[in-house]
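Here's the letter readout for the chains.
Protein chains: 2
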Amino acid sequence: MKARVTVMPKKTVLDPQGKTVAKAIRHLGMERVTEARVGKVIELEIEGGETNEARRKLEEICRDLLSNPVIEDYRLEIEK
Amino acid sequence: MKARVTVMPKKTVLDPQGKTVAKAIRHLGMERVTEARVGKVIELEIEGGETNEARRKLEEICRDLLSNPVIEDYRLEIEK
Chain H
207 MKARVTVMPK KTVLDPQGKT VAKAIRHLGM ERVTEARVGK VIELEIEGGE TNEARRKLEE
267 ICRDLLSNPV IEDYRLEIEK
Chain S
207 MKARVTVMPK KTVLDPQGKT VAKAIRHLGM ERVTEARVGK VIELEIEGGE TNEARRKLEE
267 ICRDLLSNPV IEDYRLEIEK
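Order-wise, the sequence lines are chains H and S. Residue numbering for the first sequence is 207 to 286, as defined by our numbering. Residue numbering for the second sequence is 207 to 286, as defined by our numbering.
Since the hints were made in silico from the structure, they are not lab data. Note that the structure is predicted; figures quoted are calculated from it, not measured. One or more of the hints may lead you astray.
Put simply, identical chains are the same to the list, so a pair is met inside one copy or across any two.
Here are the simulated DSS-like pairs of lysine-lysine, each with C-alpha atoms no more than 25 Å apart in a straight line [as the list claims (entries may be wrong)]:
| # | residue 1 | residue 2 |
| --- | --- | --- |
| 1 | K208 | K225 |
| 2 | K216 | K286 |
| 3 | K229 | K263 |
| 4 | K246 | K217 |
| 5 | K286 | K229 |
| 6 | K229 | K217 |
| 7 | K208 | K263 |
| 8 | K286 | K225 |
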């Protein structure tokens, strides 16, 4: 199966990288961009099918390894 | 409208960050993870609706600012 984890800074957290990207985009001529936020995405290839046990373990990994729950939210999507 | 840009290292490009993440995940007890790739995601808030002009400009920004086409692929998704 495949899993995709998207980690974004929480809405309440300042995102200086996003602010810089938004400024750069406006500078390139797209003045209508009001906000940009930058996060990361981790794509995983996993042997075997989706089981409750695998999903539980993946949630644990998202929380403990891939994101910092104090300042980031994650979203876990599983394919197949 | 909202736009989401996902930038991933090309399949043919070595991704040392991904390799480290895969190793760490296996170390945490999920040995079935065979590969991990790490990319970035940029979420944009844009005033006004989707137009051909806006999409064309966004593609340009993805290519010139948000990704490095030599080593990265991008995917642009537009909502609303």
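key: Numbers of the earlier hints that this structure fails to satisfy, in rising order   = none
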